[in-house]
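Novice: Going down the list, the protein sequences come from chains A and B.
Okay, so the first sequence: first residue is 1 according to our numbering, each after it adds one.
Okay, so the second sequence: first residue is 1001 according to our numbering, each after it adds one.
In short, the hints are calculated from the structure, not lab data.
No false leads were slipped in.
With a cut-off of at most 25 angstroms between alpha-carbon atoms, the simulated SDA-like pairs for lysine to any residue come out as follows: (1) B:Lys1049 <-> A:Gly96; (2) B:Lys1049 <-> A:Asn28; (3) B:Lys1077 <-> A:Gly42; (4) B:Lys1069 <-> B:Thr1020; (5) A:Lys9 <-> B:Gln1045; (6) B:Lys1058 <-> A:Gly42; (7) B:Lys1058 <-> A:Gly96; (8) B:Lys1049 <-> A:Gly51; (9) B:Lys1022 <-> A:Pro39; (10) B:Lys1058 <-> B:Pro1079; (11) B:Lys1049 <-> A:Glu59; (12) B:Lys1022 <-> A:Gly40; (13) A:Lys9 <-> B:Arg1110; (14) B:Lys1022 <-> A:Asp38; (15) B:Lys1069 <-> A:Glu104; (16) B:Lys1077 <-> A:Glu104; (17) A:Lys9 <-> B:Asn1041; (18) A:Lys9 <-> B:Arg1042; (19) A:Lys9 <-> B:Ala1087; (20) A:Lys9 <-> B:Phe1046; (21) B:Lys1049 <-> A:Tyr102.
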Amino acid sequence: NAGVTQTPKFQVLKTGQSMTLQCAQDMNHEYMSWYRQDPGMGLRLIHYSVGAGITDQGEVPNGYNVSRSTTEDFPLRLLSAAPSQTSVYFCASSYGGQGYGYNEQFFGPGTRLTVL
Amino acid sequence: AQSVAQPEDQVNVAEGNPLTVKCTYSVSGNPYLFWYVQYPNRGLQFLLKYITGDNLVKGSYGFEAEFNKSQTSFHLKKPSALVSDSALYFCAVRDMDTGFQKLVFGTGTRLLVSP
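Hey, can you work out the whole structure from these sequences and the hints?
Specialist: And the structure:
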C-alpha cells in the first residue's frame, strides 16, 4: 500500500512554462485535494475533489487547473507558471461517505516547485 | 468562516519536560479539530482529532490534546518531550460552511526539543 504518491519531488520552471504535478492514491479514497505551503502561511487549499468527475475551487485556485477522471489520480496543472507559484505542493486524500467530516487526510511527500 | 490560530511560531522545550503547543479556533457550530505533524522534507502526518465526546483526546506518539469549549482552545500536549518530537505542528479545523469539504490550517508552530 503506497498511500499518496506525488511526482516529481522537485521541479524548476521558467516563467510562462506549463506543467502537471501528479498525484495518485491507492486507498480508494473519494476525497482528494491540493494544498500549497508557503512560509508563515500554513497550508492553503487550491482545489479539491469529492469523487471522480467532480472538482471545486479552494482558497487560492487562480493559475491552476485540476481534473479527476479516476478515483486514483488527481493531477494539478499550472497553466503559465509565475514566480508567485514558487511553493511546496501537497496532495491529500481521505475517506468519503457518511461522516466524512470526521476523517483525517493522508498527505503525499510533496513537490517543491521553483519558478524563475 | 472557520479559522484556527497558532499564536506561537516556535516552542522550545528541554527533553523530558512537558510540552504544549497552543491552538485556538473560531467556528460557527461544533468544531471538528485536528492536529498534524510535519517532519523535515516530509508530508503532513495525522496525530489526533476531536469530533465529540471526551475533552481529552489521545493520539499517536504519546501526544494528547485538550478541547476547551469555553476558551475555544485545542492545545496539543505531551508529558515528556523527546528530541525526535522536533517538527512543525499544524492545527486544523473542518470548514462547516462548505459541508466539511475543506480543512483550514493554522500557520504552524515549530517545536524544538533540546537534548
